[in-house]
Amino acid sequence: GAGVSQTPSNKVTEKGKYVELRCDPISGHTALYWYRQSLGQGPEFLIYFQGTGAADDSGLPNDRFFAVRPEGSVSTLKIQRTERGDSAVYLCASSLVQHNEQFFGPGTRLTVL
Amino acid sequence: SQELEQSPQSLIVQEGKNLTINCTSSKTLYGLYWYKQKYGEGLIFLMMLQKGGEEKSHEKITAKLDEKKQQSSLHITASQPSHAGIYLCGADKSGSNYKLTFGKGTLLTVNP
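Protein chains in written order, with my numbering: chain A, 1 to 113; chain B, 1001 to 1112.
Since the hints were derived computationally from the structure, they do not count as laboratory data.
Computed from a prediction, not measured in an experiment: that's the story for all the values here.
Be aware that one or more of the hints could be misleading.
The following label-pair restraints were derived from C-beta to C-beta distances [to be verified]:
id, chain 1, residue 1, chain 2, residue 2, range
1, A, Leu-113, B, Gly-1016, 42 to 48 Å
2, B, Ser-1007, A, Lys-17, 38 to 44 Å
3, A, Gly-59, B, Gln-1080, 31 to 37 Å
4, A, Arg-22, B, Ser-1082, 26 to 32 Å
5, A, Pro-61, B, Ile-1044, 24 to 30 Å
6, A, Arg-84, B, Tyr-1039, 38 to 44 Å
7, B, Gly-1053, A, Gly-59, 41 to 47 Å
8, B, Pro-1081, A, Glu-20, 37 to 43 Å
9, B, Ser-1082, A, Gly-59, 30 to 36 Å
10, B, Pro-1081, A, Gly-85, 33 to 39 Å
11, A, Thr-76, B, Asp-1066, 20 to 26 Å
12, B, Lys-1060, A, Glu-20, 38 to 44 Å
13, A, Gly-40, B, Lys-1060, 26 to 32 Å
14, B, Lys-1027, A, Gly-85, 36 to 42 Å
Ideal placement from N, C-alpha and C gives every residue a C-beta, glycine not left out.
Based on the provided sequences and hints, a complete structural model is requested.
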């Protein structure tokens, strides 16, 4: 069956630009998570959705980062005024319900020049 | 900041050898997850441990969570080149049931 998909796989942008990263979770999964993975590090939690609402956005580094999931399925992570320090792999995961194993997508590699 | 310590950071073994990777926390863990990651790919779920003393196996991989729930080990028996990759431990440190904190990973190379 189809797993978690993320688009684009790679994104190169210039400092100060706006970017959107998309995540398509596994069909029927109500929980969706965004993580960020810097080189040589493990993933760091950003935000968790249960259905359409962001149940926990405590991992978002600042107000330049925002995520939505308007219909409880696809999610978009939005980054305004990108900075070089935002360069990382952004991973999305989904699970059937909370407290289940999280299935990860392949990630979007964001490079801010 | 990383709150889970993984050791070793990297490991090179000859095909057929056994190996162990450790994951240690200074605090009690509510759940411990092992994932495998290959370069440019997402994380592949291996196992989840929740109870102190719990042990799970899948094919040639066995994971254990100690009684105090502060350390886990991942053991691979008779390693194969297909086992190569980065092994990450992730933990639910707050009892949230969703927010995972990960270690930096252990890079495993298996030479044929």
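key: Hints that the structure is at odds with (numbers, increasing)   = 6, 7, 11 and 14
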